[in-house]
Amino acid sequence: MATIQPTAGELEPPHPDVALVERVRGGDVSAYDELVRKYERQLFRIAQHITQNREDAEDVMQDAFLKAYEKLEQFQGNSKFYTWLVRIAVNESLMRLRKRRSGRMVSLDEDVETEEGSVPRDLADWDPDPEQNYSQTELAEILRKTIQGLPPGFRVVFTLRDVDGLSTEETAETLGLSVPAVKSRLLRARLQLRERLSRYFKRRKASTTSGGSK
Amino acid sequence: MTCTEFLAMLDDLIDDAVTPQLRAELQEHLHGCDHCEVTLSTTRKTIQIYRSHELYDMPSGLRERLHAAIMARCKKGC
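If you're matching them up, the sequences are chains D and Z in order. Going by this note's numbering, the first residue of the first sequence is number 1, and it counts up by one from there. Going by this note's numbering, the first residue of the second sequence is number 1001, and it counts up by one from there.
Accuracy of the hints is not assured; some may be wrong.
Said to hold, decoys possible - Which residues of chain D face chain Z? A partial, calculated answer using Cβ under 7 Å: (1) F44; (2) R144; (3) D162; (4) R190.
As the list claims (entries may be wrong) - In silico EDC-like pairs for lysine to aspartate or glutamate, Cα to Cα no more than 16 Å straight-line: (5) D/K202 with Z/D1011; (6) D/K80 with D/D28; (7) D/K145 with Z/E1054; (8) D/K99 with D/D56; (9) Z/K1045 with D/D129; (10) Z/K1045 with D/D125; (11) D/K80 with D/D164; (12) D/K202 with Z/D1034; (13) D/K38 with D/D164; (14) D/K38 with Z/E1064; (15) D/K67 with D/D33; (16) D/K202 with D/D127; (17) Z/K1045 with D/D56; (18) Z/K1045 with D/D59; (19) D/K71 with D/D125; (20) Z/K1045 with Z/D1011; (21) D/K38 with D/D17; (22) D/K80 with D/E22; (23) D/K202 with D/D129; (24) D/K80 with D/E173.
Read the hints as simulated data drawn from the structure, not as lab findings. Ideal Cβ placement from N, Cα and C applies to all residues, glycine included.
Given these sequences and hints, build the entire structure.
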């Protein structure tokens, strides 16, 4: 049985997901299990970053995989299966976030007008290895609290681009934003996080440690 | 190059998406500007720290529930 070739033709070998998707379309559910196993962690992480709620993230992950399964016929194959899946998960996540905020609109454009982070203010240098000043639990709490404070539109872009490692173009395609819009949100997100983390990570003055021999 | 101009190129520099000529100009600005040097190094660190720490572990049992849900959906007609 011939398999459908991706549009790239002979230039690039087909992405391994293409064969898995074809198997699912042919009725092989175990191939879908493989896709789930491959991407479940990433999808859960994205959903949790956006919704900031564990229960919602679990529901989002389940709904996104089920929806993708049902709509697999609509998957065109001109984008990667993964970015198509992420787009479904992001939409589900934003919907949940909106519900939690009792119907308040949550859009990717929300809060982008904020000036915070557009110009760095806290310019103290950080400790060379700031993580060492905290336990793993404390550090995780700091990182969670800090990213939680970002407006959703910035959080989504930072999560996809920097945490998940999508390219700028893939992030733009996934979110339905232009490349310049992604770039401007990413810069603001990075600078805001940097500014907020400075509070915890900036170099401590030698005089604050008592009893030192230096 | 001014600090504002440097800042506008910060992401491209971090993402290694600058031409060698622009990189040289950015480096030159960095040599004389502590503020931008700190902004660059701490922004890099911010990204690295988020990338290297898994903040949210997937709950155990979620995979099984998902698998069961997919199988149930499949039985209804797939």
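Going straight from one Cα to the other, do D/K80 and D/D164 come out at no more than 16 Å? holds (15 Å)
Quick check on the hint: D/R190 CB to chain Z CB, less than 7 Å? Because about 5 Å separates D/R190 from the closest Cβ in chain Z, which is inside the 7 Å limit, the hint holds.
Can the restraint linking D/K202 and Z/D1011 be considered satisfied, given a maximum Cα separation of 16 Å? violated (22 Å)
Straight-line alpha-carbon gap Z/K1045 to D/D59, limit 16 Å: violated (32 Å)
Given the hint that D/K202 pairs with Z/D1034, test it: the Cα-Cα distance must not exceed 16 Å. holds (15 Å)
Pair hint outcome, D/K71 versus D/D125 [Cα-Cα no greater than 16 Å]: It is violated: about 50 Å lies between the C-alpha atoms, which goes past 16 Å.
Are Z/K1045 and D/D56 close enough, with their CA atoms no more than 16 Å apart? violated (30 Å)
Given the proposed pairing of Z/K1045 with D/D125, does the C-alpha separation stay at or below 16 Å? holds (11 Å)
Hinted pair D/K38 and D/D17, Cα distance within 16 Å: holds (10 Å)
Hint check: 7 Å Cβ-Cβ cutoff, D/R144 to chain Z: Holds. Min distance 5 Å.
16 Å Cα cutoff - pair D/K67, D/D33: holds (14 Å)
Does the alpha-carbon distance linking D/K99 and D/D56 stay inside the 16 Å limit? holds (10 Å)
Hint violations for this structure: numbers 5, 6, 17, 18, 19, all remaining hints satisfied.
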